[in-house]
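Undergrad: Since chain V is already given, all that's left is putting chains C, B and S on it; use the hints.
There are 4 protein chains.
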Amino acid sequence: MDFAYSPRCQDYLARLRQFVKAEVEPREADYHAALKAAPWQQPAVMEEWKAKARAAGLWNIFLPEAEWGAGLSNLEYAPLAEETGRHPMLPEIFNCNAPDTGNMEVLVKYGTQEQQERWLKPMLAGEIRSAFCMTEPGVASSDATNMEATAVVEGDEIVINGRKWWSSGIGHPNCRFVIFMGLTDTSGEAPKHQRHSMVLVPLDTPGVHIERMLASFGKLDEPFGHGEVTFTNVRVPVANFIAGPGRGFEVAQGRLGPGRIHHCMRALGAAERALELLCQRAVSRTAFGKPLALLGGNPDVIANARMDIEQARLLTLKAAWMMDKVGSKGAMSEISQIKVVAPKTALSVIDAAIQIHGGAGMSDDTPLSALFAYCRAMRIFDGPDEVHRRVIAKIELGKYLPKSH
Amino acid sequence: MDFAYSPRCQDYLARLRQFVKAEVEPREADYHAALKAAPWQQPAVMEEWKAKARAAGLWNIFLPEAEWGAGLSNLEYAPLAEETGRHPMLPEIFNCNAPDTGNMEVLVKYGTQEQQERWLKPMLAGEIRSAFCMTEPGVASSDATNMEATAVVEGDEIVINGRKWWSSGIGHPNCRFVIFMGLTDTSGEAPKHQRHSMVLVPLDTPGVHIERMLASFGKLDEPFGHGEVTFTNVRVPVANFIAGPGRGFEVAQGRLGPGRIHHCMRALGAAERALELLCQRAVSRTAFGKPLALLGGNPDVIANARMDIEQARLLTLKAAWMMDKVGSKGAMSEISQIKVVAPKTALSVIDAAIQIHGGAGMSDDTPLSALFAYCRAMRIFDGPDEVHRRVIAKIELGKYLPKSH
Amino acid sequence: MDFAYSPRCQDYLARLRQFVKAEVEPREADYHAALKAAPWQQPAVMEEWKAKARAAGLWNIFLPEAEWGAGLSNLEYAPLAEETGRHPMLPEIFNCNAPDTGNMEVLVKYGTQEQQERWLKPMLAGEIRSAFCMTEPGVASSDATNMEATAVVEGDEIVINGRKWWSSGIGHPNCRFVIFMGLTDTSGEAPKHQRHSMVLVPLDTPGVHIERMLASFGKLDEPFGHGEVTFTNVRVPVANFIAGPGRGFEVAQGRLGPGRIHHCMRALGAAERALELLCQRAVSRTAFGKPLALLGGNPDVIANARMDIEQARLLTLKAAWMMDKVGSKGAMSEISQIKVVAPKTALSVIDAAIQIHGGAGMSDDTPLSALFAYCRAMRIFDGPDEVHRRVIAKIELGKYLPKSH
Amino acid sequence: MDFAYSPRCQDYLARLRQFVKAEVEPREADYHAALKAAPWQQPAVMEEWKAKARAAGLWNIFLPEAEWGAGLSNLEYAPLAEETGRHPMLPEIFNCNAPDTGNMEVLVKYGTQEQQERWLKPMLAGEIRSAFCMTEPGVASSDATNMEATAVVEGDEIVINGRKWWSSGIGHPNCRFVIFMGLTDTSGEAPKHQRHSMVLVPLDTPGVHIERMLASFGKLDEPFGHGEVTFTNVRVPVANFIAGPGRGFEVAQGRLGPGRIHHCMRALGAAERALELLCQRAVSRTAFGKPLALLGGNPDVIANARMDIEQARLLTLKAAWMMDKVGSKGAMSEISQIKVVAPKTALSVIDAAIQIHGGAGMSDDTPLSALFAYCRAMRIFDGPDEVHRRVIAKIELGKYLPKSH
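Protein chains in written order, with our numbering: chain V, 52 to 456; chain C, 52 to 456; chain B, 52 to 456; chain S, 52 to 456.
Only chain V is shown next, with the shape it has when bound in the complex (with noise of 0.2 Å):
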């Protein structure tokens, strides 16, 4: 048992701090600027960050697949993904974000050599963007076998039909294609989970239109933003089905698993930097004759949020250990507890540094407001607490129960 930090990851961290500090953070306020004036343009700076980020070998560092990408495993990518939690533009500059991230993965695992030199190239070559097409606003989709989408196959063409919403990232001026999830067994014959598939769709498709782009807790977030997409009669080639039709479900395991690493460790990433924001201020600012840091209860809040940011980290650290080692089914209930843990407590941090900011904690003159709209979307997104608690129960119960239930 060992709690420090791999060499290469520690090497990784220093460099990437460095990289923040010295590139990121001096022009961090164009990047704001930039959107401020054209909501849904590419700042000129990101671009420029992601250059120099690639020649600094801070690229691809999410992808454990040493011959696409940095080769980190995912208990050595985690602190990194942390790091880049604490500012909502980090995970693009290094080509890290969601959910590209997840996209990458499979085509690195299901794809064609021809999806892979079409799409996968220019993905990993920061050239353009994807989104992901799930979650529909007509179902409980935290019930995933709801979902009514579908991607039906006439001769040698897929016909897509169905609405979609929350397809984050389809508001990128880059975002070229989107990986869409619907219903391919309309028959119902196969087992409730080898229905669906998953398809590759570019995005200029005729009959794929986006109908508009969701506030999130009053924010956009531009320029990627979250769309309401409808599907109507839209036909691709078989082709681009992800690993063949009615294997949907199996891909989406496969996808899911690292994607939490990364969004459990940024939400940790987030409530380090609310932590840091919430002591300084609470030292710099005085009332009743004390600075706001030794005054009533603050203390305890500042006390528990630590111990809450130090036990959820070292739970998402097993969890990414336990996925290199045992893979994602192993890791199962490890990857749900972290899912409903890290959010949970970035929440609660990220909520008390707001309080101590008082009415500049709930403006945007601090990124709190943001970074707890980011947290809490993660309560539902890739399953929503209430299925993840499920989960882990199911598994721990399966101890004392033999058959499944």
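These aren't lab readings, by the way, just hints derived from the structure by calculation.
Each hint should be verified, as a subset may be incorrect.
Any copy, or any two copies together, can satisfy a pair, since identical chains are not distinguished.
Straight line, CA to CA, 30 Å or less: simulated DSSO-like cross-link-like pairs of lysine-lysine [to be verified]:
1) Lys341 with Lys172
2) Lys172 with Lys160
3) Lys395 with Lys450
4) Lys103 with Lys87
5) Lys445 with Lys160
6) Lys450 with Lys72
7) Lys380 with Lys450
8) Lys341 with Lys445
9) Lys445 with Lys395
10) Lys72 with Lys101
11) Lys341 with Lys243
12) Lys380 with Lys341
13) Lys103 with Lys445
14) Lys380 with Lys101
15) Lys160 with Lys87
16) Lys376 with Lys160
17) Lys72 with Lys87
18) Lys450 with Lys243
19) Lys395 with Lys172
TA: Coordinates of chains C, B and S only, in the frame set by chain V:
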């Protein structure tokens, strides 16, 4: 002891609900559409609603002074305030929105006849609006004696300087004046709570400048808005003091009691609406073969929401009853109690409703994130939780510690 | 709406407090010393107290039926019940202790004249005590239909078999009979809730055997005790049915409503006493140069306790008011609500008081661990939290789901 | 970073579990029966277990110093300590129970050769036991400088006076001496933390009087017990100082670090056992037609317990790792963190297990109420939560405040 609302209260409540159902809800979409098209203009429908509400005798119902308003007690108005918390635009319809209510109350109690003629009467008529400038960006406003802005007497003028923010309502096209609070006794000779004054400042006085409108958890709350305002050598006649120089804290105390009850009841109205939306969603959506309402811990969520709301409402009503019986000072602990309890309760219920709604709960398709933002801000404005807990503990310990500490 | 106690209630309350101060507290140590010397015998001082309480008109004050008891409404009795929660021996002094109160209530409502003569009158006189045998060790008693003990009719006798536990009060030297609940319709032909009966069983009937007394969180609660009892072919005449065979659940429902209000108010009395002890300790002990009362988060602890108690008390009083106005059935949600809220509140306050007391709080030098044990048990007896939350949610959802589910 | 236990740790863990299963569990009932018959005598079976454990090489495994004990690191011992938390009698079997472990550690580090011969060696052999006398009834012991008992030098003797309580283990028939802490520099000239001393006091020294044994949440914890002890002009030679006069706090600090890890891991062992009992009960009992395990919010309870335990264990293991790497001082925040987190976690899980068990959970038929009492006390002994949170916050804020405060 009697837990039934008075017949007069019940009558008002029935009429108000009927008004909302018959007049407001059918045109709610018009209101939002108008605001979307012109965020900082008064939608025409609002003026129509106001006229109808006035005609229906549902006007200035917050005002216990019968010569100026409806003459309902705080206890009788409280359930009506709750009702207006269900939709954010309702309070204005009945001329019962903050901060105008507090400002009207102040002018009723402390205004000179001239002040009442010029400012109070048009407000009571719903012709003009106002703002309240107390919180400052540069200091911890939880300790109001930190206030740095000044309102100094020079001859027969008051010279005002300083920067205020979270001046709510200042963006409204009908806003005509602010009540400004600042330091008058810059010598520090007067007792700590007798150095500040409240001053009436017409919005068009030279030197008053709205720097920007602040987003609160991503919401600008148009057309009211929350402004950051600078005052640079602003000059108004000494006749614009409210109650006289040095009486700012005295006036503030009287102002805040009823206002806190209004805010708390509105928060509980928001909570009731969230619980309704939660239940409606929970019975209409299905996952894993069951309505969400019966799934896992969801019944507990609903039960907890019901218990929390019931308790918070009873406490708030009791605080209103005490204010009627023994005044703001005698009800000080109860008022601080509800100020902590009501938004906490509302936030917990609204958050649960967001969770049940999934992505829809995060979006603007439901009012939930706006209600959350309002109630979250309430944990900060009019005294943060921390200050109110301090007050409650001090009063509680006062039973055991004969002397103050 | 009126939050003041009725004059009659205030009069009783003042007299009861005076009685406790003048008569009980000076001899409390005698009571405990007697019990320590002879745990399962009635201390002489208790009989003296009872005689004095009766003489003072503070007797059977729980009983709303004026022909049998004080004739106070549930709402008027509630604050008196709260007062008796401050010391564990108080309820017996006023002949208001569980389970005798519930048993007396049952006999008042459902008893035959013969049953009333033989059992009710001596109980009302404080001459005998009783127990209630419902919970069983072998099944989940949260679902009362799980009950396995039987009360089968054979000719003109009822034959009783089964094992019961947590039969409170059965260890008291004055205990003379139990009310036993068991399955009469073993055929399962009657509807699920019409198969069980309540039966009066004299404690000295052959076949009744107290197997052992149970400790509850380390306390035996002498001289009352909680017994595990076996019934082996116990025979009593059919005249011992209460309300007739198959009406067990009907009687149980009526029995439990007022009892839950009594328990909840006592829990809040325990909470108030704990808060008093907490504050007294907090102002009298010093650490790090300050009284504990002003140290760190302790004022928050005190404020939270005050808010929680106030809310729980108001809710409980409202439930009592509803029971008076619309009966147990109409107040079903409220009664379930307080059954969850009151012990939870009390436990939280008592736990905080233990913490402030340090080791003393854990020991028997303060009443805190005994009060904790009582309130912790309350989350289980008379329906566990889980069942009550279920009831509350069902009623809440009933507003949205026209049919039962 | 590696989350697997070391091979040596795994070997010990396997052997310890096997020992408990093969040797302890079959005779657990004998142990309790012997204690019931003679609460303050050593059950014969305990001495048999001890002999077997020693023969099996499972002896003094807590002691990192290889020349005296097993030589396992704190990190390696931690999982073994967890295992011994499952049954209250286990630590003694392996000679690893508090306060003997702390006292042995102190004598290993600070004892003179003579002290080691006379006291340490028989303790390491399991022949004698000891107690630790620090906490006092008359002051807030959370601030140890409040201590009022004295250990003053007169010639070549130390004269000891004062009253101590919660001297755990002092009731054990094998207890032969106590380590007493008291004020030596009564002049107050030395710095605040250099005025107190630790002194070895044989239990049979004239003037030492055990006044009574204290119940902790209703449990006397026989045969160890928690004593209240008076010291009246007790005289021992100056050779009985540990580490010399005035070094009491220095020794105490070194003593408490490992002890806190042991306690926390035992608490987590208790939590794991509670969760096992909870799950076993939940799958074996039925209500409303379902096993409790699948009913309502129960799966959430199980999931929450699993998440909380995992996190608390990882944090505790990390604290142990830090203690091994950088010592008690460098691990100060982490040790304070686990001291807050571990008992809180355990209490929450145990409480949930009690609830699922219903009345059985309150009774002595399950170990739950005893485990609860142990973990509840842990929130007070070795520094209450409040003090540890203060430490954590101070260290956290130290990153932002260059100077101490």
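Undergrad: Next, verify each hint and record whether it holds.
TA: Hint-by-hint comparison with the structure:
no.: 1; hint: Lys341 with Lys172; verdict: neither (57 Å within a copy, 43 Å between copies)
no.: 2; hint: Lys172 with Lys160; verdict: within (13 Å within a copy, 62 Å between copies)
no.: 3; hint: Lys395 with Lys450; verdict: both (27 Å within a copy, 25 Å between copies)
no.: 4; hint: Lys103 with Lys87; verdict: within (24 Å within a copy, 41 Å between copies)
no.: 5; hint: Lys445 with Lys160; verdict: within (29 Å within a copy, 48 Å between copies)
no.: 6; hint: Lys450 with Lys72; verdict: between (48 Å within a copy, 19 Å between copies)
no.: 7; hint: Lys380 with Lys450; verdict: within (16 Å within a copy, 40 Å between copies)
no.: 8; hint: Lys341 with Lys445; verdict: between (50 Å within a copy, 15 Å between copies)
no.: 9; hint: Lys445 with Lys395; verdict: both (21 Å within a copy, 24 Å between copies)
no.: 10; hint: Lys72 with Lys101; verdict: within (15 Å within a copy, 55 Å between copies)
no.: 11; hint: Lys341 with Lys243; verdict: between (62 Å within a copy, 16 Å between copies)
no.: 12; hint: Lys380 with Lys341; verdict: between (52 Å within a copy, 26 Å between copies)
no.: 13; hint: Lys103 with Lys445; verdict: neither (46 Å within a copy, 39 Å between copies)
no.: 14; hint: Lys380 with Lys101; verdict: neither (34 Å within a copy, 43 Å between copies)
no.: 15; hint: Lys160 with Lys87; verdict: neither (38 Å within a copy, 45 Å between copies)
no.: 16; hint: Lys376 with Lys160; verdict: within (18 Å within a copy, 41 Å between copies)
no.: 17; hint: Lys72 with Lys87; verdict: within (23 Å within a copy, 40 Å between copies)
no.: 18; hint: Lys450 with Lys243; verdict: within (25 Å within a copy, 34 Å between copies)
no.: 19; hint: Lys395 with Lys172; verdict: neither (36 Å within a copy, 49 Å between copies)
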